[in-house]
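Chains U and S supply the protein sequences, listed in that same order.
So for the first sequence, the working numbering puts the first residue at 19; every next one is plus one.
So for the second sequence, the working numbering puts the first residue at 1052; every next one is plus one.
Just so you know, the hints here were simulated from the structure itself, not pulled from any lab data.
Because the structure is a prediction, the values reported are computed rather than measured.
Glycine included, every Cβ here is placed at the ideal spot set by N, Cα and C.
Careful: at least some of the hints might be erroneous.
What the hints assert, rightly or not - Listed next, the in silico SDA-like pairs over lysine to any residue satisfying Cα-Cα at most 25 Å (straight line):
(1) LYS1151(S) <-> LYS1084(S)
(2) LYS1277(S) <-> GLU33(U)
(3) LYS1304(S) <-> ARG168(U)
As the list claims (entries may be wrong) - Reference listing, derived: stretches of chain U covered by chain S, where coverage requires no fewer than 3 residues with Cβ under 8 Å from a Cβ of chain S:
(4) 63-76
(5) 175-189
(6) 336-347
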Amino acid sequence: MAEVTMPRLSDTMSEGAVGRWLKKPGDAVADGEIIAEIETDKATMELQAFESGTLQKILVPEGQTVPIGQAIAIIGDGAAPDEAAAPDAGAQQAASEEGGAEASARNTAEAKAEAQQAPATPAPQAAPPASQSNGQSSDERIKASPLARRMADERGIDLRQVQGTGPGGRIIKENIESFQPSAAPTTAPAATQAPAPAASQPAAAAPAPAGEVTPMSRMRRAIARAMTDSQPGTPHIYVTAEIDMAAAVKLRKQIIDSGASEVKISINDLVVKASAKALLKFPTLNSSYTTSADGQPGVARHQQINVSVAVALEDGLVAPVVRDTDKKALGTIAGEIKDMAGRAREGKIKQNELEGATFQVSNLGMFDVVEFTSIIPAPLAASLSVGVVRQTPVVRNGELAVGELMYVTLSVDHRVADGATAAQFLQELRRLLESPMSLLV
Amino acid sequence: MPVITYRQALNDTLGEELARDPNVLLMGEEIGKFQGSYRITEGLQSEFGKQRVVDTPIAEEGFVGLATGAAMLGLRPVVEIMTINFILVAIDQIVNHASKIHYMFGGQARVPLVIRTPSGGVGQLAATHSQSFENWFAYCPGLKVVAPATPYDAKGLMRSAIRDDDPVIFIESLALYDTKGEVPRDDDYTLPIGMAEVKREGADITVVSYSRMTVVAMQVAQNLEKEGISVEVIDLRSLRPLDRPTIINSVKKTNRAVVIEEDWRSYGIGAEIAATIQEEAFDYLDAPVQRVAGVEVPLPYAAKLSQASKPGAQDLINAIRRALQGGKRWQK
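If we strip away everything but chain S, and leave its shape as in the complex, we get:
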């Protein structure tokens, strides 16, 4: 199986979907002539033309509204928001229109819209360019939110998102674009939206993660295995709908859980997971559910402060040790 980057997987998939379905079109800032700020749409405008790969003005609310209308009339727009920080300008279009039209107008129109955007911070992009807002959208009924962690999942979920008849927020990650993984060629696979994956089986503790934090969790699980700690890693892949059964089944097996997310802790994805676990697996818990998340500050520009504000492998290891505390099995 060929090994390609996350970026390449997205680029390939967008190209394949443009070729497969004439109703698919791409829209966004600098995605055509400039080939995308992060080169996700590289080569697509020259291949499919300016009608199918549309460069928009810097006006997110306007072009998300435009895409919503186009979707209602049968097109399948895939909108790039350069980073999730800029999506706030368009949030009224997404939350008050795209997510509700099918419901409020008696099912007369569907909105097969994809908004893809990288979330989270990388490098020194400072407070307004390093945020994670996927929970804002996962909060909203009428939207679907996916956040793949690997090139394979990115491809399978992008296909599903484009072919889905409801608006899908497709969360990418700047830090994942250059990561590599196996992706089959000439295989039109899709991944169902709303299904998590047990990425690694373990017996002692469940780590729930998504997007880049899944990569962190997998590394930590590998390291802790040397100490005899068996970590099960769940990659959510989809934040709405949330695959609660997979989480619950895992916790019923391991009796302990840690949730790791890149965004701020309060009111986050981790809070939702922790609440779900206590609701549905209370009698199986042997320790409080631990949350690992970012420090609740506007992300500092200074490199060291920025680093210290973000959750990392050591934070996850510490949380796992907290959750395992008192169990002799792991201390000997």
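Next up, chain U with everything else stripped away, as it sits in the complex:
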């Protein structure tokens, strides 16, 4: 099973279009045979197969342009595509889903039928947990070259977390070399060693420096493309959760009554602090969709957690930024927000105080709004919309009680993350706010 990738046919070529497929799925192809015509920026050229077998699947239809290096077809041993794809996870899974995603984008009956015939792998929405980013479960034999295996061993890298780009998803040397641990809480504290200067990290700072950009997996790229096809710009998804704020309300009252904080802590301050803490566990949501230096789509993980708070003005809206929100005490956060919001209303906020956000919180609770959605300010990956805390009948331990419920809705850039990640983030946010003592430590 081998991928045919968009070849580099000239020095200046960065992408190419499939002009014509000369073979169709199921056709036998021989090593060296011409299987397609590729249109480059300069000319139409022939694409040779360098593997013998059966053209298993065409991933890029005629007329579509893709960057060089991207898989455009799969040559296999002639087994039925689904059967052949089933035993291998990793890249083949991504490849087949890429096909699936594009098929649905084409939106023809034929394409739908095709997509439905590929039940071997889960749908993109049912994304595997971040700890298994290559989609291989722990008890499967992971395809890795002997060299990659040795390097991973030496560096203490778990091969299950590495995305392989070799044939059939095999993990090769450069995948180990470029590997960056994902979703590991240990990455966040590293930010203290290299705090980015605020001015150099404005809100619209994409593309981020190439070194920090994690290239997207093919699956991620396919999702990003499919989502943008249906929702151009930043494709949003919204996930809502209900949080019982009784304990948070009580804690807030205690802080105020005890005079522990110079500034009166608001519910929103608690939400801001809790969001920052939850982001530590879900760094994917503290990132930006971007392109790396070579033009490939990628995800830039932000080193700092800077939560901005939307402040309504008479005729407009600004969002001052609380830098290093995760590291600041609740009282500090409350003080900064109060100060900046006040100056924003007076038109005295400084530009650099509005830059560098990595996550945003909008709260319309003061207008008694129960629930709403917000548009993510580019280039953030997510924003949180917070409703009012209101007394509502709830069932606790099987008994009816008066609860203090609050609805939160997370808007997520679906190119960067999926619904499951958003839901897990909200679970963590809920856990923090329902046991709010953890916000004080």
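Knowing the structure of chain U, use the given hints to seat chain S on it.
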């Protein structure tokens, strides 16, 4: 440095060795009066006489046996087998006698014999005249097998072969006879048997080759450089003994390897190299070792079929791409 053909380098060397050592003699079919089917022995009989440049009957087993006996008694015969296809008639003399006498008789006699013969096909010589049997001899302990790719190496290795006290099979190539290269004049250099050469340094992939395939590999390496693919080319030069360290060191550097050979794929030189690499550099491999070899059929006479059966530059390029698959470095 003068530029001469591979043929000229061999002709010069044979003449020089005949002049240097009175024990050296040449034997073979039509090498004297006719001056050799491929003109390797041109002018040598008229210069050194019929005692030193001996025309033999068409009886390979007989004259290889004769040469073996002569070598045991102290002469240094250089036998020409017109093409390697005809060596099969003499294989019993080579494998059961020449290669084993020193060992089986307690070292009482050595066999300083050279058998030189062109291997591989050129033009439309069809199934029985286009074969490559060097692996048959490289398989046999007691023999040394060399296969130079350039005029310089042909000269250095021919000198070493003639001066070596063990039987050496000297593999030439019809397609290489007219190729040219620099060869120093008045320089009695020799090349050690059993040493490969890194003919071109590269970082991304190792191509292991010998004889004519080294020329193909060098061309391919040059072409792929334009795409940013850095190919290291190893010319084995000697098939037995095989210079394993040079291959292994290269693969440890590049992590990927392709072997190209002109003969059939199964049980070939490529199989031996691939096995060696996985044994000694397993933890350094980033992709399976690729083999490029001839199609496993009796070589067809029809020109196009014949061409299609032999490995060429495009086959090597495809194999290199297969081995590099998945590495973004080469796709951008």
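Output the indices of the hints that this structure fails to meet, ascending. 1 and 6
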